[in-house]
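Peer 1: Chain by chain, the residues:
Protein chains: 2
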Amino acid sequence: MSQNHTYCVIMAGGVGSRFWPMSRSNRPKQFLDILGTGESLLQQTFNRFLKICPPENIMVVTHQSYRDMVAAQLPSIPKDNILGEPSRRNTAPCIAYAAYKIKAKDPEAQMIVAPSDHLVLKGEEFTRIIREALAAVQSAPILVTLGIKPSRPDTGYGYIQFTQEHLKGHDPVKKVKTFTEKPNLDMARYFMESGEFLWNSGIFVWSVNSITDALNHHLPEISSVFEDDMDKLNSPEEAGFITRAYTVCKNISIDYGVMEKADNVYVVPADFGWSDLGTWGSLYEHMPQDDNANAVAGKNVILYDSKNCVVHMPSGKLAVLQGLDDFIVVESDNVLLVCRKSEEQQIKEFVNEVKISKGEEFV
Amino acid sequence: MSQNHTYCVIMAGGVGSRFWPMSRSNRPKQFLDILGTGESLLQQTFNRFLKICPPENIMVVTHQSYRDMVAAQLPSIPKDNILGEPSRRNTAPCIAYAAYKIKAKDPEAQMIVAPSDHLVLKGEEFTRIIREALAAVQSAPILVTLGIKPSRPDTGYGYIQFTQEHLKGHDPVKKVKTFTEKPNLDMARYFMESGEFLWNSGIFVWSVNSITDALNHHLPEISSVFEDDMDKLNSPEEAGFITRAYTVCKNISIDYGVMEKADNVYVVPADFGWSDLGTWGSLYEHMPQDDNANAVAGKNVILYDSKNCVVHMPSGKLAVLQGLDDFIVVESDNVLLVCRKSEEQQIKEFVNEVKISKGEEFV
Chain A
18 MSQNHTYCVI MAGGVGSRFW PMSRSNRPKQ FLDILGTGES LLQQTFNRFL KICPPENIMV
78 VTHQSYRDMV AAQLPSIPKD NILGEPSRRN TAPCIAYAAY KIKAKDPEAQ MIVAPSDHLV
138 LKGEEFTRII REALAAVQSA PILVTLGIKP SRPDTGYGYI QFTQEHLKGH DPVKKVKTFT
198 EKPNLDMARY FMESGEFLWN SGIFVWSVNS ITDALNHHLP EISSVFEDDM DKLNSPEEAG
258 FITRAYTVCK NISIDYGVME KADNVYVVPA DFGWSDLGTW GSLYEHMPQD DNANAVAGKN
318 VILYDSKNCV VHMPSGKLAV LQGLDDFIVV ESDNVLLVCR KSEEQQIKEF VNEVKISKGE
378 EFV
Chain B
18 MSQNHTYCVI MAGGVGSRFW PMSRSNRPKQ FLDILGTGES LLQQTFNRFL KICPPENIMV
78 VTHQSYRDMV AAQLPSIPKD NILGEPSRRN TAPCIAYAAY KIKAKDPEAQ MIVAPSDHLV
138 LKGEEFTRII REALAAVQSA PILVTLGIKP SRPDTGYGYI QFTQEHLKGH DPVKKVKTFT
198 EKPNLDMARY FMESGEFLWN SGIFVWSVNS ITDALNHHLP EISSVFEDDM DKLNSPEEAG
258 FITRAYTVCK NISIDYGVME KADNVYVVPA DFGWSDLGTW GSLYEHMPQD DNANAVAGKN
318 VILYDSKNCV VHMPSGKLAV LQGLDDFIVV ESDNVLLVCR KSEEQQIKEF VNEVKISKGE
378 EFV
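First to last, the protein sequences are chains A and B.
Its first residue numbered 18, the first sequence is counted upward by one per residue in the numbering used here.
Its first residue numbered 18, the second sequence is counted upward by one per residue in the numbering used here.
You can take every hint at face value.
Copies of one chain are not kept apart here, so a pair can be met inside one copy or by any two copies together.
30 Å max Cα-Cα, derived DSSO-like pairs, lysine-lysine:
# : residue 1 : residue 2
1 : K375      : K334
2 : K267      : K194
3 : K267      : K372
4 : K358      : K334
5 : K365      : K166
6 : K334      : K324
7 : K278      : K199
Hint data in this document are derived by calculation from the structure and do not stem from the laboratory.
Since we're looking at a predicted model, the values are computed, not measured.
Sequences and hints are given; from them, build the entire structure.
Peer 2: See below:
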């Protein structure tokens with residue numbers, strides 16, 4: 018039964034302060050029904066993976082303060098599958114923790130790693146691509162990432178350049194040439210026109226052996242922490258061990274720490290209606306819009322002479338909005354935000370200033 | 018003791034829907050602390066009149082559904098001084114009711130009539146002008162109105178044209194030539210430049226005999242209702258009588274019904290920092306403003322790249338507002354309004370549409 022060796026790891030540690038005031042430090046973006054569908058982004062991600070493996074093979078890595086929230090939103094996964102991080106250390110320690118925990122009980126495992134807060138509109142295509150990647154990592158000791166075909170010269174993403182060399186017997190699995198972090202606009206335009214570049218989705222597929230080999234090679238200071246004490250994982254000593262492990266693990270991303278350095282990295286070009294929903298603007302692109310290009314969530318929102326706005330209001334609140342063009346209007350609990358969509362990168366700064374001047378109750 | 022013959026009548030029946038969503042049908046403008054001073058406009062008006070007469074000589078005419086709210090805000094006046102109207106009939110029936118009620122117990126009375134929801138910034142000057150007018154109406158059987166020196170060619174007010182003829186022995190009390198309702202802009206400019214025109218403040222001073230004589234002459238269909246049953250006023254039968262009286266009283270303003278027609282009308286030109294606070298825009302003019310000309314009420318409002326805005330937020334609510342120029346932003350209970358200041362005349366229509374499409378809970 019090959020399915021039993023397939024594990025999904027959902028990374029759910031983020032804060033998503035760009036979605037403030039809907040997201041708060043005690044209620045990050047992945048736990049919100051930000052699209053108004055009735056399911057949080059985490060629940061959508063989980064349901065997507067139920068097509069790949071059973072709930073007992075789905076793990077969620079999150080900050081330990083969010084463990085109860087994960088358990089409440091995903092009642093069908095075992096409590097032991099919710100991995101609590103004592104501090105935020107970026108993706109490399111998070112993936113190492115999950116990989117060694119899985120390896121400790123199933124050395125033959127393959128794993129998929131995915132963020133909890135991304136949008137996937139075409140679920141069937143997503144499943145097909147994941148299966149394609151799983152087949153590839155079963156046939157060769159490679160690291161696979163999913164690359165999204167760019168639809169615009171976005172300067173907010175990392176890009177992956179791929180070659181026409183593919184994994185033997187797996188045409189869609191292309192050899193990666195380079196990883197490039199957020200380019201400038203000219204570069205992004207060139208990337209897009211060339212047809213050789215894909216957006217880095219942050220969704221990875223590999224066997225636990227391949228990723229632990231890669232960690233040993235490229236991040237030995239992290240892997241050694243786990244290698245030495247693998248027997249503590251899946252035991253009553255796990256929590257104590259992780260608390261100590263995280264104090265010594267450095268803060269580094271899996272992209273920078275492993276993917277950009279390894280020579281066995283492949284990418285599967287994919288087109289499954291993906292968005293990282295990184296900002297209100299990107300959410301706006303994926304919400305239904307009215308005739309004036311307004312995207313509205315909230316039962317009682319009335320717009321006059323307004324266009325290109327994204328509005329998110331609690332259902333019990335009436336909002337009458339007049340004369341707004343290209344604005345974000347969001348109300349959540351005790352906070353109202355009105356901000357030009359073109360200035361949304363400032364929201365992070367607003368949150369910091371609010372925290373300093375008004376206190377934790379608003380962030 | 019001449020003071021005992023002086024009565025103040027505060028008209029507090031309005032709804033003030035242009036101040037929605039702060040004003041609601043169950044909480045009209047006059048009951049709100051709209052300036053953030055800690056006192057409602059009604060309380061400010063009442064306190065102004067305490068300089069003129071004792072609380073037992075101050076009366077408030079309001080819709081009967083607001084009587085309890087008046088009593089709660091003005092605990093020092095006798096319950097019998099709160100006159101409940103069964104329906105809205107404009108100012109003539111309201112003034113007739115108060116005038117006959119006062120006349121029934123004190124035929125020698127003078128009375129001041131004033132709206133409950135206007136702003137007066139210069140209280141001492143107000144008192145001085147009122148005393149001037151009281152002295153005039155004690156010396157002659159005239160009707161006096163206070164006229165405000167115009168500071169701009171406002172097309173929203175009625176104008177009073179006065180002559181240089183003054184009441185004998187009372188230089189500042191000028192004979193009125195004409196009343197003109199809301200003029201167009203050219204006319205308003207001409208009025209202002211001529212120096213012969215004043216804004217109609219809706220504040221009147223007269224003896225009860227002078228006003229009842231005028232009502233008998235110009236609105237006999239109203240005065241006869243009260244003349245015939247004056248003995249029922251100040252008796253247990255008053256409420257029942259008023260219910261019947263208001264079904265037969267026509268809906269007409271004192272300006273149109275009496276002041277424009279009477280030939281014994283005088284005006285005292287006044288300059289006591291007056292505003293009728295008819296709109297958010299006029300409120301804005303009278304609120305303290307920051308360096309970017311934003312007028313803000315609310316402890317937790319943070320503005321970025323915004324100017325010329327009027328913002329009114331509940332104290333427990335944080336508002337972060339970016340990129341707004343010349344907007345009204347008001348939140349109150351379950352409603353948020355964002356509207357260009359230049360479009361505030363639309364607010365009345367918004368309220369009507371909300372009432373139809375969303376129901377009474379929001380208006």
